[in-house]
Amino acid sequence: MGDYTVMKIGIVVFPGSNCDRDTYESLTQQLGAQAIYLWHKNHDLQDCEAIILPGGFSYGDYLRCGAIAHLAPIMQEVISFAKKGGPVLGICNGFQILTESQLLPGVLLPNAELKFICDQIWVRIENDQTPFTKQIKQGSTLKMPIAHRDGNYFIQAEELKRIEGEGQVVFRYCNQEGQSSEKDNPNGSLNQIAGVCNIKRNVVGLMPHPERACEKLLGSDEGKQLFESLLG
Amino acid sequence: MKAKVTVRLKSGVLDPQGRAVQHAAESLGLQGIQEIRLGKVFDIELETTDETEIEKILETLATKILANPVMENYEWEIIQS
Chain W
1 MGDYTVMKIG
11 IVVFPGSNCD
21 RDTYESLTQQ
31 LGAQAIYLWH
41 KNHDLQDCEA
51 IILPGGFSYG
61 DYLRCGAIAH
71 LAPIMQEVIS
81 FAKKGGPVLG
91 ICNGFQILTE
101 SQLLPGVLLP
111 NAELKFICDQ
121 IWVRIENDQT
131 PFTKQIKQGS
141 TLKMPIAHRD
151 GNYFIQAEEL
161 KRIEGEGQVV
171 FRYCNQEGQS
181 SEKDNPNGSL
191 NQIAGVCNIK
201 RNVVGLMPHP
211 ERACEKLLGS
221 DEGKQLFESL
231 LG
Chain Z
1 MKAKVTVRLK
11 SGVLDPQGRA
21 VQHAAESLGL
31 QGIQEIRLGK
41 VFDIELETTD
51 ETEIEKILET
61 LATKILANPV
71 MENYEWEIIQ
81 S
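Those protein sequence lines, which keep their order, are chains W and Z. If you're matching positions, the first sequence starts at 1 in my numbering and goes up one per residue. If you're matching positions, the second sequence starts at 1 in my numbering and goes up one per residue.
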């Protein structure tokens, strides 16, 4: 294990974020990393070298999930940080905010069965060239929980073809053995997509919760690998 | 001045909520409904009466907040009060 205190990670807190604390505790306690909270109304990223948009229900999911949050003052800074190549991870609601900000392609629609799904799932790593997957072998699987009502990844057909061709699909729902089929698709996402990145690979979003899978006691510690990739 | 912005899901975008409403209509015994799709309507009141300015406001509002172009189309109209 390397020295994980070298990088300062900023966790953005919106009204309605509810995984900010989980993310903070996992980073600081389970990985020994340095993390701070960034309030949505501020414009200062406080020299953070990586930004995480946590899960939750920012602004009560009003209008569309993530739609109001993407106009928060801090997002202007996050967007310019991302455009300069800074690593940004969006988890669940954070992923929705990144698509609304157009930092990531596509959009998250209501789950096909219209139910809130809270479950343990497996994802397969499809791209190990991002800051959050660079230490995870492509094709390997991670067990993580999902907890969302709007995780149904959608993108227009020609754009879907483009992001698949560019290797922008980073996580795909699969079974325990790593085979991905419609059977293992919890929410109706196109091509079983659980997470994507931008063309430059520095912005990543996913619906599963790696921060809730950082201790064996909680069912899995495999989510830790995303943060170890970032810090390693 | 008043205005109305209507936001609709693009065709081809799955609308499970619309489908659920359609099933409910069927269980009411209503026949012959081919499809129901959900959209949103925004009623807006504006201080200005200058139509060029209103058009500018509505266009920005629709593209930046009210609709997500990946999945939705929008249209707006100015309602003379």
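Read the hints as simulated data drawn from the structure, not as lab findings. Incorrect hints may appear among the rest.
[Said to hold, decoys possible] Restraint ranges, calculated between C-beta atoms of paired labels, are given here:
(1) K134/W / P69/Z: 43 to 51 Å
(2) T52/Z / G219/W: 53 to 61 Å
(3) S181/W / V13/Z: 51 to 59 Å
(4) G39/Z / N18/W: 42 to 50 Å
(5) R21/W / V13/Z: 28 to 36 Å
[Said to hold, decoys possible] In silico SDA-like pairs for lysine to any residue, Cα to Cα no more than 20 Å straight-line:
(6) K224/W / Y24/W
(7) K83/W / Y59/W
(8) K64/Z / K224/W
(9) K10/Z / L28/Z
(10) K115/W / K64/Z
(11) K115/W / R37/Z
(12) K64/Z / Y24/W
(13) K10/Z / F116/W
(14) K41/W / I65/Z
(15) K40/Z / L63/W
(16) K10/Z / D184/W
(17) K161/W / L14/Z
(18) K224/W / D61/W
(19) K40/Z / I68/W
(20) K10/Z / K200/W
(21) K8/W / Q120/W
(22) K134/W / K41/W
(23) K64/Z / Y59/W
(24) K161/W / K40/Z
(25) K10/Z / Q156/W
(26) K183/W / Q76/W
(27) K40/Z / P110/W
(28) K134/W / I68/W
(29) K115/W / A20/Z
(30) K8/W / E49/W
(31) K64/Z / K200/W
(32) K200/W / P110/W
(33) K115/W / L38/Z
(34) K83/W / N42/W
(35) K2/Z / E51/Z
Using N, Cα and C, we set each Cβ at its ideal position, and we do this for glycine too.
Hints and how they fare:
no., hint, result
1, K134/W / P69/Z: 43 to 51 Å, "32 Å, violated"
2, T52/Z / G219/W: 53 to 61 Å, "59 Å, holds"
3, S181/W / V13/Z: 51 to 59 Å, "23 Å, violated"
4, G39/Z / N18/W: 42 to 50 Å, "29 Å, violated"
5, R21/W / V13/Z: 28 to 36 Å, "35 Å, holds"
6, K224/W / Y24/W, "13 Å, holds"
7, K83/W / Y59/W, "25 Å, violated"
8, K64/Z / K224/W, "36 Å, violated"
9, K10/Z / L28/Z, "27 Å, violated"
10, K115/W / K64/Z, "28 Å, violated"
11, K115/W / R37/Z, "18 Å, holds"
12, K64/Z / Y24/W, "31 Å, violated"
13, K10/Z / F116/W, "24 Å, violated"
14, K41/W / I65/Z, "18 Å, holds"
15, K40/Z / L63/W, "9 Å, holds"
16, K10/Z / D184/W, "27 Å, violated"
17, K161/W / L14/Z, "18 Å, holds"
18, K224/W / D61/W, "27 Å, violated"
19, K40/Z / I68/W, "16 Å, holds"
20, K10/Z / K200/W, "28 Å, violated"
21, K8/W / Q120/W, "30 Å, violated"
22, K134/W / K41/W, "32 Å, violated"
23, K64/Z / Y59/W, "17 Å, holds"
24, K161/W / K40/Z, "29 Å, violated"
25, K10/Z / Q156/W, "10 Å, holds"
26, K183/W / Q76/W, "39 Å, violated"
27, K40/Z / P110/W, "15 Å, holds"
28, K134/W / I68/W, "32 Å, violated"
29, K115/W / A20/Z, "12 Å, holds"
30, K8/W / E49/W, "6 Å, holds"
31, K64/Z / K200/W, "24 Å, violated"
32, K200/W / P110/W, "28 Å, violated"
33, K115/W / L38/Z, "17 Å, holds"
34, K83/W / N42/W, "19 Å, holds"
35, K2/Z / E51/Z, "11 Å, holds"
When the structure is compared with the earlier hints, violations turn up for hints 1, 3, 4, 7, 8, 9, 10, 12, 13, 16, 18, 20, 21, 22, 24, 26, 28, 31, 32 and for no others.
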